[in-house]
Amino acid sequence: MKLIEALQIANAAHKGPTFHVLLACGFTPLHLETAVKAHLRLGLPTRSITVRTGLYGDLAGTLENARELFDAVLVVLEWGDLDQRLSWRSAGKVNEEVISDARARLNRIEKGIAALAERTPVALSLPTLPLAPVLHTPGNELNRIEAALWEMLYAVAASTRAAVLHPQTLGRGSAHDLRTELMSGFPYLFAHADALAAGLIRMVLPSALMKGLITDLDETLWSGVLGDDGPDGISWDVEHKTQFHALYQHLMNLLAEAGILLGVASKNDAGLVDKALTRPDLVIKPQNLFPIEAHWRPKVESVERILKAWNIGADSVVFVDDNLLELEHAKMAFPEMECLEFRKDDARFLVELRDRFGKREIREEDELRVASLRGGQAVRRAAADNASLDTLLAGAEAKVAFRWGKQPPNPRALELINKTNQFNLNGIRYTEADWNAYLSEPATHLVVVEYEDRFGKLGKIAVLAGREQDSGFEVEIWVMSCRAFSRRIEHQCLKLLLNRWDPVRFRYERTERNGPMRDFLAEMAPDGRALRRAEFDRRCPPLFHQSVRTGD
Amino acid sequence: MTDKQQRLIRCFQAVFPELNESEAARASVSRLAKWDSVATVTLAAAVEEEFGIQLEAQEIEEMNSFQSFLNRLDDR
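Protein sequence lines, in the order shown, are assigned to chains A and B. Residue numbers are given in this note's numbering: position 270 of the first sequence equals residue 270, and the series is strictly consecutive. Residue numbers are given in this note's numbering: position 53 of the second sequence equals residue 53, and the series is strictly consecutive.
Isolated chain A, as found in the complex (with noise of 0.2 Å):
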């Protein structure tokens, strides 16, 4: 973004909740506060943005009185923060000395990062600029004193509860303007502002990561063609200069840990791809691939039945293939699919599949997806018919445990709520101190749900909360994971809340692409509005879960 365009968005006129910001730095902040504005305008445009900024030259200070309750907390630590010897503004001589002092200012700046990440998301970037020329050493040298302060930072960093914005990704282009920072106290170049602001704020907003990875074989999970290499001609390994492959498929099996779902497209000889997937040599676990489509079909015709498998958008999908043509096929087929040709020997590919899927914690729904997604085939095929999905569901030893209360503040829930779009009320988003803030509240309530049965345990997977209101309650936030549908979950749920009180209403609303809700709602409560227990009892099909209650 340039300056001009940063400023275009920042003072444009805007309206809706806002979203309050603390920018934390030692220094004016000037265009940084620009380019902040302008990449949260852009992030959310539903919200007024408001950004509170320091006092000049007191990094510490600023956190310490930090008593309101921000929205995102935004550190941008530089060298004068340490010790204002260090800056170039203020260089001045500095000795041994310099690192005590700079570690009792860096714990003072630890521990007012700690206080305000216990309430609300923190973004923190250690010193991007180069330290002015206080040593007597060359720069091409590390100095003992500036090694001494960088592992005091990374300690800090290793530590910390805030995301830390990794030094590397701002790249080695110019970043200091010194002219600026002499005249005014603002130390960078915009272009190096803009970034900072942008890999910061991608740190606290909530953001829709992709879900799935769809993966051609040939010249892609592996080097050589199948049907006419054979199963033993192909290869990812050293000896035959194909150990990309490996790394790949290595990639894959990292990303199945964080539960991203793996599929197969691929036009090869089924036979072949099963013996191919046996080889014991693999670094792919083949249980992390499903589906695996192989056949001469069409390969867009593959894709549509993975995502039908997996219940996911081809917006959540990523397709990798070696072919141009097929990419460019499934495209127009799935304009919202992100299609990459797989670059063999380029590092960047492997770096940036890897970010587009990256999370910062893995949670246990996320070791458990695949597994439940080869589970709940049999259950999807019943669901076409309901005598036979009442035989498998009565026999399906189905547990739903209900787990009332908002303390302590379950992460996985507000991951759900942020992930749902198609068993979804009303598509409402909520960052971290919206949901805190939202849970804060006396009257609300909140129960998440967990489900397992004989065909696996599929973990925490429905989210539903709201208030009471006169003798019903006001579902405002209800979303299920499509891993959970056609085992009538959602019909349990009501039942839950019917149970306790009559009626329950919905503050639904339609989005683009909550039909799964939409028609279960149609079903059970036509109005959209409103539902009484007695309703319920004459439309809900025959549940059979147990079904155990916890808190509240």
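Quick caveat, the hints were computed from the structure, so don't treat them as lab data. Note that the coordinates shown come from a computational prediction; the quantities given were computed from them, not determined experimentally. Heads up, the beta-carbon is just placed ideally off N, CA and C, and yes, glycines get one too. Honestly, I wouldn't trust all of these hints.
[To be verified] Only part of the chain B face toward chain A is listed, based on derived beta-carbon distances under 7 Å: (1) Pro-17; (2) Ala-45; (3) Ala-46; (4) Glu-49.
Knowing the structure of chain A, use the given hints to seat chain B on it.
Just chain B now, with coordinates in the frame of chain A:
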């Protein structure tokens, strides 16, 4: 109005979005209460970006009107 003036007006309007074209072309520190030292530095950065020039710190401090920026651009 020349292309240069149009582009300079765009810079001024980015910093002072409430100004129309003719107000931007007549803007000066004395006419505009919002024009403070921060606005001067921001205007200078916007003009540098738009015209691909670099102003010296001394010059920036002397930029106190639309006309002074225009004169500097004419001198280049």
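Hint-by-hint comparison with the structure:
The criterion of a C-beta within 7 Å of any C-beta in chain A is met by Pro-17 of chain B, whose closest approach is roughly 4 Å, and the hint holds. With its C-beta approaching chain A no nearer than about 6 Å, Ala-45 of chain B sits inside the 7 Å limit, and its interface hint holds. Using the Cβ-Cβ criterion of 7 Å, the hint placing Ala-46 of chain B at the interface with chain A is satisfied: the shortest such distance is roughly 5 Å. The beta carbon of Glu-49 of chain B comes within 5 Å of a beta carbon in chain A, closer than 7 Å, and the hint placing it at the interface holds.
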